[in-house]
Amino acid sequence: MDLKEKLISSFLAFENSTATDTNIHQIRSESFQLFEQHGFPSKKEEDWKYTSIREVLKPDYRIFSSTESDINLNEVKKYFIHEIDTYKLIFVNGIYNSLLSTTTHDGVDICVMSSAFTKPKYKMVVDFYFNKIINKNQHFANLNTSFATEGAFINIPKNVVVSKPIEIIYFNTGTDAELMLQPRNLVVVGENSHVQIMERHQSLKENTVLTNAVTEIFAHKRAIVDFYKIQNDLDTASLIDNTFVSQQKESIVSVNTFSFGGKFIRNNLEFYQEDERITSNLNGFSIIGKEQLAANYTLVHHKQPNCESHELYKGIYADQSTGVFNGKIIVDRDAQKTNAFQQNNSMLIDDNASINSKPQLEIFADDVRCSHGCTIGQLDDKAIFYLRSRGIPEKEAKALMLYAFGNDVLEKIKIPELKTRITKIIAMKLKVDLSLEL
Amino acid sequence: MNKYTEDDLKKELETKEYAYGFYTDIEADKFLAGLNEDVVRAISKKKNEPEWMTDWRLEAYRIWEKMEEPEWANVKYTKPKFNEISYYSAPKQKPKLDSLDEVDPELLETFKKLGISLDEQKRLSNVAVDIVMDSVSVATTFKKTLGEKGIIFCPISEAIQEHPELVKKYLGSVVPKTDNFYAALNSAVFSDGSFCYIPKGVKCPMELSTYFRINEGGTGQFERTLVIADAGSYVSYLEGCTAPQRDENQLHAAVVELIALDDAEIKYSTVQNWYPGDKEGKGGVFNFVTKRGLCETNAKISWTQVETGSAITWKYPSCILKGDNSVGEFYSIAVTNHHQQADTGTKMIHIGKNTKSTIISKGISAGKSQNSYRGLVRIGSKAENARNFSQCDSLLMGNNCGAHTFPYIEVKNKSAQIEHEATTSKIGEDQVFYCNQRGIPTEKAIALIVNGFSKDVLNKLPMEFAVEAQKLLEISLEGSVG
Amino acid sequence: MLSIKNLHAGLENKEILRGIDLEIKAGEIHAIMGPNGSGKSTLSSVIAGNETYEVTQGEILFENESIMGFSPEERAHKGVFLSFQYPIEIPGVTVTNFIKTAINETRKSKGLEDMPAKDLLKLIREKAALLEIDRNFLSRSLNEGFSGGEKKRNEIFQMAMLEPKLAILDETDSGLDIDALKIVANGVNKLKNENNAVLVITHYQRLLDYIVPDFVHVLHNGKIVKSGGKELAFELEEKGYDWLK
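Chains as they are written, first to last, in numbering that gives the first Met the number 0: chain A, 0 to 437; chain B, 0 to 481; chain C, 0 to 244.
These are calculated hints, taken from the structure and not from any lab test. Yeah, the Cβ is synthetic: ideal placement off N, Cα and C, and Gly gets one too. Hints may contain errors.
[Claimed, not checked] One side of the interface only, derived from the structure: several residues of chain B facing chain C at Cβ under 10 Å:
(1) Glu420
(2) Gly427
(3) Glu428
(4) Asp429
(5) Val431
(6) Phe432
(7) Tyr433
(8) Cys434
(9) Asn435
(10) Gln436
(11) Arg437
(12) Ile439
(13) Lys443
(14) Ala444
[As the list claims (entries may be wrong)] In silico EDC-like links for lysine to aspartate or glutamate, alpha-carbon gap of 16 Å or less:
(15) A/Lys163 to A/Asp84
(16) B/Lys367 to A/Asp333
(17) B/Lys443 to C/Asp113
(18) A/Lys220 to A/Glu273
(19) C/Lys99 to C/Glu112
(20) B/Lys454 to C/Glu88
(21) B/Lys381 to A/Asp350
(22) C/Lys164 to C/Glu62
(23) B/Lys425 to A/Asp350
(24) B/Lys443 to B/Glu473
(25) B/Lys367 to A/Glu361
(26) A/Lys43 to A/Asp84
(27) C/Lys164 to C/Glu27
(28) A/Lys302 to A/Asp331
(29) B/Lys367 to A/Glu273
(30) B/Lys443 to C/Glu73
(31) A/Lys48 to B/Glu409
(32) C/Lys189 to C/Glu131
[Claimed, not checked] Computed footprint of chain B on chain A; a stretch qualifies when at least three of its residues, placed anywhere within it, have a C-beta under 8 Å from a C-beta of chain B:
(33) 349-359
(34) 363-375
Take these sequences, add in the hints, and give me the full structure.
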């Protein structure tokens, strides 16, 4: 039975197990219909040309984890930003783990989707926001909606600066040999409020796992949202991340994606600017090797005048790895005075690595400033020589240069402890000890 | 697109303006509309082609029949009805002429209107002209001068008869029959076109040029051009198109193949001004062209194009940089106004070591037009030290048009260096005021600014063309401001 | 030549000029001085016909004819020249090509044929020499990558080529070192005769050492608050603008 068929039969069973008289049920059914109709994307589709998912779909995934399993805090502590106090939403094999989590309902709601779906006090929020900004052409997002049951639910009312960052971590313990996870996050940030969120998907054992995640972010007037995606999973894990951002007047939303680990990473990140004077920031830094693939597909849709978007993606590709960048900027006719910038810089450091870059502009307004740039290059031999002549060994010299290459993306991180953590991951990835300089 | 009736046509003919819009009433020898194997055979027979050529066409037809019309380009149009097109049209009296005096006076009149009067050109401009009137070449000049150097410049139909070994070897070698829908169609039914061979080490002493136009109502035109520059040779080839005003959409699906052998260089320049349709978007030529060049070691191919015409343009002059140290260049200006749609760009396929490519694309959109740049830069795994620089700039005039950029960059070699830049801007009010203050009216100011914007590309054109191209830019954008 | 009567003008409902009266006769050099924000540049833009500014009251007569309804290019054709404080860059358009277009359009408006290329080149060479401009400069893109001094020199070069009746020099001294200032001033003085007039707009007295005005007007808050001879400029230099408020 192929995955699609399996999903169809699972959906029928899943549907029977849930209440059928709710709006949510309706949305799930509609989404599933879409998925059933279109199936998984084929390589013939322009947006999937560079990221073949054939291999990813092959395993015989379980659609729901078979058992609830417990994990030991000491075992997973290293995945937390434990140097600082944070809210934590921890999920194990798709199921919420209250022991490891730190939630709150004190002025803000930082809790889980399963309760948002069922508790009457959240009904209005869920009805108003859930699945409202999903791009219906994203096959995987529709699939996620069909099975959406659990994930992070973050609802920040007006005028609140959330006192500490929020960590969302999805663990996979390996109790199922081949597991598919479909977490679903909803983030609503009220007028003038500010929140910082970190998201991570982490396997603890080398079992095959496919995560198909969806996050919806709504930023109201003058809200500020900083979202960090730390993608450093094991080589057995694949991730398809779908994130949709809807922004209101003068809001500033930044999504920063760091891709280091995982067999197959595909990020679909879409920004919709619904009012004036909005700023959208999209940053990414990937360092991958072996046979990894990391693909960043981004869309910024400028619909209203006087908005900005800044996009900076950098990547370093070693061994036989493949990088993909596909950035699309659409400027509607009404979106006069738009400033849209997009930059993609890549470095190939081994013979069999490859990169496909497709920076696109679609412009329908005349009074705009839009530009994109794309470079592909390699380390500057002269600079390496210079460093070596000052006594820095070749490996360290190269690592230093590579780190410097990505530094302007790292500078975007506003949580110092997170920056330190990511720097460490980079050092590990580059197999050097960079602690002295960095 | 709306249904178009004969009354509309009448009205249109009364009101339409088109700088080069006229219709030559020459009796044409024309096939009935429609396409099948018999038609392909008939075309081949009509031209007294050898059997190998007939078979080649039939094979292409069979491939085409199984293909589907592509839809990926960023253009919207009513697909041509391939069964309503007549696939062969030639002036009925097929004159073999020794001098211009023998040419049909009406035909000469046509050329004069286009400003390419042959006698003038022959005497004054040192340009050899191979004119394609509809589909069959009727006059060739300077043949003798070229002949002395061993250069072959003739209609491709003649080359099939006289130089079968060259045609057999190279036809379809760069654009195979299977390449794409329109290339397959062209391979099956191509009527005529130019053939050019520059022998080893020869620098062609003059610019070779061909003027194409569509003449007969309802005739699709399928030129086939083959240029072979043998080792160490050089040729500059100019192609200019102006089409008579037309009342229904016309299909134009040409194929151009360039072969630059070791150390050879080909410069191929185009000014394209087919009828773009009227202000409401009615009529106009569909220009679906496949142009590609192959570079062997140390060879260079340079494409320069100024695209102002056609209702729909779908065109990607490309370079396959097969040989080490080979160089590909693409310089383009694409202007769209009213309801025109253009999806144009290039492909630079780097296969050899130390290969270099440069892409400069300037898109200007006005009116309700849509202008897209689509380009591919591919660096293969063996292409050590490949270099590419791309610059795509768009200029928007007015708020009802669109400018789009779709670059594809695929790199499989770590030593590659790629730089791609794109910008989108508009003409600044302060720029226009500055010009006004110096006494330059707005319309003229815009033309000046547009010319400045396009300069990097205009500079790459041979002199004769640069002037014409500047004029065309101006004409194309008339009435787009206000 | 130029007669401005009770001119009120502004930007987006904000009044900047609040009743300007100014009379300039052929053969005269006038200077308008004033602190930042007094409306100096607005005045020059309005005379040149910049449509960004809205004229709410008053009149501008040029050679006894109201030019209020005239487009910027029509005013230019009549002989109004504005040397911009910030000359605009036009990429890809050479200085030569630009000036050729300007001259021929002006000629066209007078029913004249285009200037023959030979004459044009001769004129360009002559005027370029006057302003010590070298050949390479003429084939560069208009104002693109020009230094401050080059931009201003280019403005005066265009003025020399177009031979206007009224030249308005808007902050022509800003961004100029002393040598460049002398060259520019020298150019202006050589072009000056009894049939044309110059209006110098400046913040500092410095330029007026080289282009000596017959009249000096002080602009403050959108009005001319004081007029006098050239000595007024020295007074302003010494005392600043505060004593006039």
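Hint check results:
1. Glu420: Since the shortest Cβ distance to chain C is 14 Å, the answer is violated.
2. Gly427: At 7 Å from the nearest chain C Cβ, glycine 427 of chain B passes the 10 Å test, so the hint holds.
3. Glu428: 8 Å, holds
4. Asp429: At about 5 Å, which falls below the 10 Å cut-off, the nearest Cβ of chain C leaves the hint on aspartate 429 of chain B intact, so it holds.
5. Val431: Since the shortest Cβ distance to chain C is 9 Å, the answer is holds.
6. Phe432: 6 Å, holds
7. Tyr433: 4 Å, holds
8. Cys434: 8 Å, holds
9. Asn435: 4 Å, holds
10. Gln436: Holds: closest Cβ of chain C sits about 5 Å from glutamine 436 of chain B, inside 10 Å.
11. Arg437: 4 Å, holds
12. Ile439: This hint holds: isoleucine 439 of chain B lies near chain C, its Cβ roughly 5 Å from the closest one there, short of 10 Å.
13. Lys443: 6 Å, holds
14. Ala444: 8 Å, holds
15. A/Lys163 to A/Asp84: 7 Å, holds
16. B/Lys367 to A/Asp333: Roughly 15 Å between the alpha carbons, so the hint for lysine 367 of chain B and aspartate 333 of chain A holds.
17. B/Lys443 to C/Asp113: 15 Å, holds
18. A/Lys220 to A/Glu273: 10 Å, holds
19. C/Lys99 to C/Glu112: Satisfied, since the Cα-Cα distance of roughly 13 Å is no more than 16 Å.
20. B/Lys454 to C/Glu88: Status holds; Cα separation ~15 Å.
21. B/Lys381 to A/Asp350: 9 Å, holds
22. C/Lys164 to C/Glu62: 10 Å, holds
23. B/Lys425 to A/Asp350: 42 Å, violated
24. B/Lys443 to B/Glu473: 9 Å, holds
25. B/Lys367 to A/Glu361: 15 Å, holds
26. A/Lys43 to A/Asp84: At roughly 47 Å apart (the allowed maximum being 16 Å), aspartate 84 of chain A and lysine 43 of chain A break the hint.
27. C/Lys164 to C/Glu27: The given pair, whose Cα atoms are some 11 Å apart, holds under the 16 Å limit.
28. A/Lys302 to A/Asp331: 5 Å, holds
29. B/Lys367 to A/Glu273: 25 Å, violated
30. B/Lys443 to C/Glu73: Roughly 14 Å separates the two Cα atoms, so the pair holds.
31. A/Lys48 to B/Glu409: 12 Å, holds
32. C/Lys189 to C/Glu131: 13 Å, holds
33. 349-359: Coverage by chain B holds for the stretch 349-359 of chain A (11 residues, Cβ < 8 Å).
34. 363-375: holds (count 13)
Hint compliance for this structure: hints 1, 23, 26 and 29 are broken, all remaining hints hold.
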